[in-house]
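In the working numbering, the protein residues as written are 1 to 303.
These are computed hints drawn from the structure, not numbers from a lab.
Cβ coordinates follow ideal geometry from the N, Cα and C atoms, glycine included.
Please note that the accuracy of each hint is not assured.
[Claimed, not checked] In silico lysine to aspartate or glutamate, EDC-like type, Cα no more than 20 Å apart, as pairs: (1) Lys10 - Asp107; (2) Lys58 - Glu47; (3) Lys136 - Glu173.
[Said to hold, decoys possible] If you anchor each label on the Cβ, the simulated ranges turn out as follows: (4) Gln66 - Asn166: 50 to 58 Å; (5) Arg61 - Lys176: 19 to 27 Å; (6) Gln222 - Asp188: 30 to 38 Å; (7) Leu180 - Ala45: 49 to 57 Å.
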Amino acid sequence: MSEASPPKVKARQLWQDVERATQNRLKADQFLAKSYELLCDAIHARETAFPGDEAKEKIVRQLTQQVIETGEHYQDLANEELELAQAACTLAFQNFIAIKESNRELDAQDAALKETLHGYDHLNLPTELYRSKSQKLQDLRRQIEVSNNKIEHFQAITATKQVAMNQYAPEMETYKNLKLQLERSQDDLRHVQAQFAAVQADQVEMTRKQSQALQKAEHELQHTRQLCDVARKDLYRQQYAAQEVTIAMKALSASASKLKLQLQPALAIPPLEDKSQALLPVYALAKKAKAVPGKKPTNRPKR
């Protein structure tokens, strides 16, 4: 019994490790499901939000990375659990083979003892020796029964763990589907980021064109202001010249009025009784106007 104790302790330790790995995997599975649910909610919120919302995009990226890391951790725990279960099953199978081989030896010993007892019966050996051999035979039978019980126990444990390992298959399939969904979400995210980058590039180009148009408009406005200043100065000069002309016309009109007033006494028509005296100034002016320029007048009397 002492020789069978170390394998039994090792098998018990392995199954305890398997149970611990199973609990860790279940916790990781719950955390993965919760992270995936949060990611789906974040993706739905991003799709219904304003395009290019950086806060929503950041949350989606963080949750996507969290789901990927959680999925990898879950896969590591599942692989560890599977390896431990395989090691425990392998050890149980080895113990089963060893016990089965031991049972074969016990069966052989039982057959030999039966043959010996049968010979003792024929030889009429002493009763005490027969009882001793019979007791040994019963002990061997009990050992065989205990070994058979252990074999059945190991078989039951092996079948249970095999069922548990078969149950891992849907979970692994779910993990694969989740990983595919994450990859599609990452592709969608990269597509949205590319569209956002294109929109940003268009906005930068539009801003540059608007800036150029504004600079051009400011330049044209400055040029127009300069032309307006020149036109305003020309207008001021024209107004000043018009004022000078008006003043000159007023002065000329005043001079003409004064000259007219000065000429009115000389041009006035005298009374009829003194016609000769009245025409003398007019005659003198007409004669003065008909005088040849540069020729001195003569004092010859008119014939």
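- Query: What are the numbers of the hints that this structure violates, sorted from low to high?
  - Reply: Hints 1, 3, 4, 6, 7 contradicted; others consistent.
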